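Residue numbers (UniProt numbering), protein chains in the order written: chain A, 1 to 322; chain B, 1 to 507.
Simulated from the structure, these hints should not be mistaken for laboratory data. The structure presented is a predicted model; accordingly, all values stated were derived computationally and were not measured. Each hint should be verified, as a subset may be incorrect.
Sample of chain B residues at the chain A side, in silico, Cβ under 10 Å [unchecked claim]:
1. 308
2. 329
3. 333
4. 337
5. 344
6. 347
7. 350
8. 358
9. 363
10. 366
11. 416
Interface residues of chain A toward chain B, partial, derived using beta-carbon atoms under 7 Å [stated by the list, open to error]:
12. 179
13. 187
14. 188
15. 191
16. 194
17. 198
18. 200
19. 259
20. 261
Label pairs and their in silico Cβ distance ranges [as the list claims (entries may be wrong)]:
21. B:378 / A:154: 39 to 49 Å
22. B:335 / A:99: 25 to 35 Å
23. B:371 / A:114: 28 to 38 Å
Even glycine gets a Cβ: it sits at the ideal position worked out from N, Cα and C.
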Amino acid sequence: MSLLKSREVVLGGVIVLLLAAIASRFPGFVAPANLGRVFTDTSPLILLALGQMAVILTKCIDLSVAANLALCGMVAALMDGMGVPMPVILGTVVVMGAGLGAINGALVWGLGIPSIVVTLGTMTIYRGTIFLLTEGAWINAHQMSDAFKAVPRQVILGLPVMAWIAVAAIAGVAVLMTRTALGRAFYAVGGNPHAAVYTGISVGRTQFAAFVLAGALAGLTGYLWVARYAVAYVDIAGGFELDVVAACVIGGIAIAGGAGTVAGAVMGALFLGIIKNALPVVGISPFWQMAISGAAILAAIAFNARRRDPGRIILKRAEVRA
Amino acid sequence: MQPDPASRDGAVLSLRGIVKTFPGVRALDGVRLDLFPGQVTALIGENGAGKSTIVKVLTGIHQPDEGQILVAGEPVRFPTAQAAGAAGVTAIHQETVLFDEMTVAENIFIGHAPRTRWGLIDRRAMRTRAAEILRGIGSDLDPATRLRDLGIASKHLVAIARALSVDARVVIMDEPTAALSHKEIAELYELVEKLKAQGKAILFISHKFDEIFRIADRWTVFRDGAFVGEGAMGDVTEGDLVQMMVGRSVDQIYPKRPARIGPPVLTVAGYCHPTEYEDITFTLHQGEILGFYGLVGAGRSEVMQALFGISQPAKGACRIAGDVRVIRSTAQAVQAGIVYVPEDRGRQGAVKGLPIFQNVTLPSLARTSRGGFLRLAEEFALAREYTQRLDLRAASLDQDIGLLSGGNQQKVVIAKWLATQPRIIILDEPTKGIDIGSKAAVHDFMSELAAQGLAVIMVSSEIPEVLGMSDRIIVMREGRIAGEFAGPAMTPENLIRAAVGIERSAA
Numbered sequence: 001m002s003l004l005k006s007r008e009v010v011l012g013g014v015i016v017l018l019l020a021a022i023a024s025r026f027p028g029f030v031a032p033a034n035l036g037r038v039f040t041d042t043s044p045l046i047l048l049a050l051g052q053m054a055v056i057l058t059k060c061i062d063l064s065v066a067a068n069l070a071l072c073g074m075v076a077a078l079m080d081g082m083g084v085p086m087p088v089i090l091g092t093v094v095v096m097g098a099g100l101g102a103i104n105g106a107l108v109w110g111l112g113i114p115s116i117v118v119t120l121g122t123m124t125i126y127r128g129t130i131f132l133l134t135e136g137a138w139i140n141a142h143q144m145s146d147a148f149k150a151v152p153r154q155v156i157l158g159l160p161v162m163a164w165i166a167v168a169a170i171a172g173v174a175v176l177m178t179r180t181a182l183g184r185a186f187y188a189v190g191g192n193p194h195a196a197v198y199t200g201i202s203v204g205r206t207q208f209a210a211f212v213l214a215g216a217l218a219g220l221t222g223y224l225w226v227a228r229y230a231v232a233y234v235d236i237a238g239g240f241e242l243d244v245v246a247a248c249v250i251g252g253i254a255i256a257g258g259a260g261t262v263a264g265a266v267m268g269a270l271f272l273g274i275i276k277n278a279l280p281v282v283g284i285s286p287f288w289q290m291a292i293s294g295a296a297i298l299a300a301i302a303f304n305a306r307r308r309d310p311g312r313i314i315l316k317r318a319e320v321r322a
Numbered sequence: 001m002q003p004d005p006a007s008r009d010g011a012v013l014s015l016r017g018i019v020k021t022f023p024g025v026r027a028l029d030g031v032r033l034d035l036f037p038g039q040v041t042a043l044i045g046e047n048g049a050g051k052s053t054i055v056k057v058l059t060g061i062h063q064p065d066e067g068q069i070l071v072a073g074e075p076v077r078f079p080t081a082q083a084a085g086a087a088g089v090t091a092i093h094q095e096t097v098l099f100d101e102m103t104v105a106e107n108i109f110i111g112h113a114p115r116t117r118w119g120l121i122d123r124r125a126m127r128t129r130a131a132e133i134l135r136g137i138g139s140d141l142d143p144a145t146r147l148r149d150l151g152i153a154s155k156h157l158v159a160i161a162r163a164l165s166v167d168a169r170v171v172i173m174d175e176p177t178a179a180l181s182h183k184e185i186a187e188l189y190e191l192v193e194k195l196k197a198q199g200k201a202i203l204f205i206s207h208k209f210d211e212i213f214r215i216a217d218r219w220t221v222f223r224d225g226a227f228v229g230e231g232a233m234g235d236v237t238e239g240d241l242v243q244m245m246v247g248r249s250v251d252q253i254y255p256k257r258p259a260r261i262g263p264p265v266l267t268v269a270g271y272c273h274p275t276e277y278e279d280i281t282f283t284l285h286q287g288e289i290l291g292f293y294g295l296v297g298a299g300r301s302e303v304m305q306a307l308f309g310i311s312q313p314a315k316g317a318c319r320i321a322g323d324v325r326v327i328r329s330t331a332q333a334v335q336a337g338i339v340y341v342p343e344d345r346g347r348q349g350a351v352k353g354l355p356i357f358q359n360v361t362l363p364s365l366a367r368t369s370r371g372g373f374l375r376l377a378e379e380f381a382l383a384r385e386y387t388q389r390l391d392l393r394a395a396s397l398d399q400d401i402g403l404l405s406g407g408n409q410q411k412v413v414i415a416k417w418l419a420t421q422p423r424i425i426i427l428d429e430p431t432k433g434i435d436i437g438s439k440a441a442v443h444d445f446m447s448e449l450a451a452q453g454l455a456v457i458m459v460s461s462e463i464p465e466v467l468g469m470s471d472r473i474i475v476m477r478e479g480r481i482a483g484e485f486a487g488p489a490m491t492p493e494n495l496i497r498a499a500v501g502i503e504r505s506a507a
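Isolated chain A (complex conformation) (with noise of 0.2 Å):
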């Protein structure tokens, strides 16, 4: 328990510095408004990493999030064309997106494919969905109500709405893996789901309850992304679940299920947004981005892979008995 921990503080350590050392050169970076900024921004990828931490520590990966988020986020677009009040889009996107969700944990559970064959179908599927509504055809700026595209940019407290639905979601997340049963359900199956069956756990039913979450999250990002960038087409947050995956490997969720953090994924989102906001301001081009958090993944993975299973001793006391 005491090297998860330390897992978070290297993170956060490292977070520092990198904030230290951009501070050092473009001070204006660090000031309280443009970290606010910067939070704000990378909210998206906070409330994704939320969901797909979900789906990780239970063993699965879910990469249709980024066009779960898409179909939704055009779904309230044409929602809000047709005139439907903003509560009704807000209690749709979220359910549409579960939905979604359910669909891929249905999958999993009930047929036992693969969540990566599963998830890699329902994305294209689900991006797919977003042409057969529109055709192809975009939905700008103009085309939008303004209280559609007001709900994430109004400010309270000093941060935007989008910020504080963040914030929530982190607080949530974290009651959710800390305090419940089925947080810790998530936890138990991935980090033994013999043993978890064994236990009277539902591993099929918990991760299905994993990609619900994940789907419900995406599915409410998905209106926030449309209304803040005001534009909704086939091809928004195209590759995001990938920057999402990055987050959680970057945070410390285990690859394979069972250990991770709510706030190692925060950091991994915060950190990946970070670099985002930074290089522009520090002048490197963004295409370096990529290749920083490229390595950013892999240090992550190294230094978790440093602290693995000491467990295998018991299994090789009962081989010798055999």
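We have chain A already, so just place chain B on it with the hints.
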């Protein structure tokens, strides 16, 4: 005991004074073994006698700490499996060691395929030689067939062909008939006769006395990692062999308290499963420790898993405290008051990465939460209560369970189940692979539980443990109940007779 000559005349392979220790276990304690060309030697012993270890020493998987391996009288060493193969020693493993997606020929020659001039695998030579080997054991399998298209008996033939592909002089068969039907067993006997005729020395490891007497020429008995005796099959009776397997009487002290046996809590009637067990009927009483003995693979764990809802019996009924219960999931079993501490703690018990207290409370979270939220203080209290009762040695309950010793992990797993306040606890090999101190603690605690009115089923393959701890013992053999013993009938001889399938009258 006979003198211990350096090597028997004519023995193709001899072991002398082989010692092999593992941390905490002396698996082989100066054993000897002689194998002769054209003869089948049966290696006989109870669970844990050291049979599997000797196979691993012979095939270069384990290195002996002391002792000699002699091939045709010359001392040799087998540092690797390849070295053993090169010396002509080969073992026939179960079909699980084969590769389903490869062809028969590829499976036979994996690791030592014939090469072309260019160093590439010579497919044609491989197929021709595979066909030759298969013909040699009387099979006309096409070497180009993919293994996944074959039945289990054919796969077994492939495993045998693979063993013979290294020009074997010594063939080891470790429980070769365990997975075979009657017809396939008859074919295997024919094959053994063929190998004998070819002058190969065969080491035949089996629990089944009928087949030992049918096929073997010589016998060797091990007990607790030590050599007990050897001789020709013609000079020995089943009774003699049982006597040698059992050896001395129970000499360990078990903390068994006199039990106050209460009313029945669990009645199992006619549990059947298509492949694992048949017609399992028994009753378990409050305050009783019911031992389940049998040889490895007798179906005991499978029955227990059915009781715990991990699998379902095809037929049969189960009553708990008088009510008929159908248990379809482990959650239902826990609700009905049945809990199961599995044999394979590493895989089925402990969730590594989670701290001790969370492992303990995993099935009890409904009790430690209020309004859907977990209460860590209550979790800690619950975990502390039960781990203290089991005398757990840990720095802190916040510690990762993976850092504990095997014995302490077992205590955590038992504490986890006791915290659900069950009526029936099933312990599957509760002391397997744990140190002596933890063993005593587990035994002590088991007695205490029974004294408190819990009904305990203990599956154990250790005769002293099962005799020392049980009020009553059920012996299973090949998926059936082979005998039930209580009071003075609980003797090592009776258990082994039932487990290997010798009728009482034969004694």
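We went through each hint and held it up to the structure:
With a least beta-carbon distance of about 8 Å to chain A, the hint placing residue 308 (chain B) at the interface is held under the 10 Å criterion. Against a cut-off of 10 Å between C-beta atoms, the interface hint on residue 329 (chain B) holds, since the closest Cβ of chain A lies about 7 Å away. Using the Cβ-Cβ criterion of 10 Å, the hint placing residue 333 (chain B) at the interface with chain A is satisfied: the shortest such distance is roughly 7 Å. About 13 Å separates the beta-carbon of residue 337 (chain B) from the nearest beta-carbon of chain A, more than 10 Å, and the hint is not met.
Checking residue 344 (chain B) against chain A: minimum C-beta separation of about 7 Å stays under 10 Å; hint holds. Restraint check, residue 347 (chain B) versus chain A: the minimum CB separation of about 5 Å is within 10 Å; hint holds. The restraint placing residue 350 (chain B) at the interface with chain A holds, with a minimum CB-CB distance near 6 Å, inside the 10 Å limit. Given hint, residue 358 (chain B) at the interface with chain A, holds; its Cβ is 6 Å from that chain's nearest Cβ, closer than 10 Å.
Taken as an interface hint, residue 363 (chain B) checks out: its beta carbon lies about 5 Å from the nearest beta carbon of chain A, inside 10 Å. Among the interface hints, the one on residue 366 (chain B) holds; its C-beta lies about 7 Å from the nearest C-beta in chain A, closer than the 10 Å criterion. Among the interface hints, the one on residue 416 (chain B) holds; its C-beta lies about 7 Å from the nearest C-beta in chain A, closer than the 10 Å criterion. Interface hint at residue 179 (chain A): satisfied, since its Cβ lies 5 Å from the closest Cβ of chain B, which is below the 7 Å cut-off.
Below 7 Å, beta-carbon pairs count as interface contacts, and residue 187 (chain A) has one with chain B at about 6 Å; its hint therefore holds. Residue-level restraint check for residue 188 (chain A) holds (minimum Cβ-Cβ distance to chain B is 5 Å; threshold 7 Å). Checking residue 191 (chain A) against chain B by beta carbon gives a least distance of about 4 Å; that is within 7 Å, so the hint holds. Given the 7 Å rule on beta carbons, the hint for residue 194 (chain A) holds: about 5 Å separates it from the nearest Cβ of chain B.
At its closest, the beta carbon of residue 198 (chain A) sits 5 Å from a beta carbon of chain B; the interface hint therefore holds under the 7 Å criterion. Of the supplied interface hints, the one on residue 200 (chain A) holds, with its beta-carbon coming within about 4 Å of a beta-carbon of chain B, less than 7 Å. A cut of 7 Å between beta carbons decides the hint on residue 259 (chain A): the least distance to chain B is about 5 Å, and the hint holds. With a least beta-carbon distance of about 12 Å to chain B, the hint placing residue 261 (chain A) at the interface is violated under the 7 Å criterion.
About 41 Å separates the C-beta atoms of residue 378 (chain B) and residue 154 (chain A), a value consistent with the hinted range of 39 to 49 Å. The supplied range of 25 to 35 Å is met by residue 335 (chain B) and residue 99 (chain A), whose beta-carbon atoms lie about 31 Å from each other. The hinted window of 28 to 38 Å between residue 371 (chain B) and residue 114 (chain A) holds, with their beta carbons roughly 36 Å apart.
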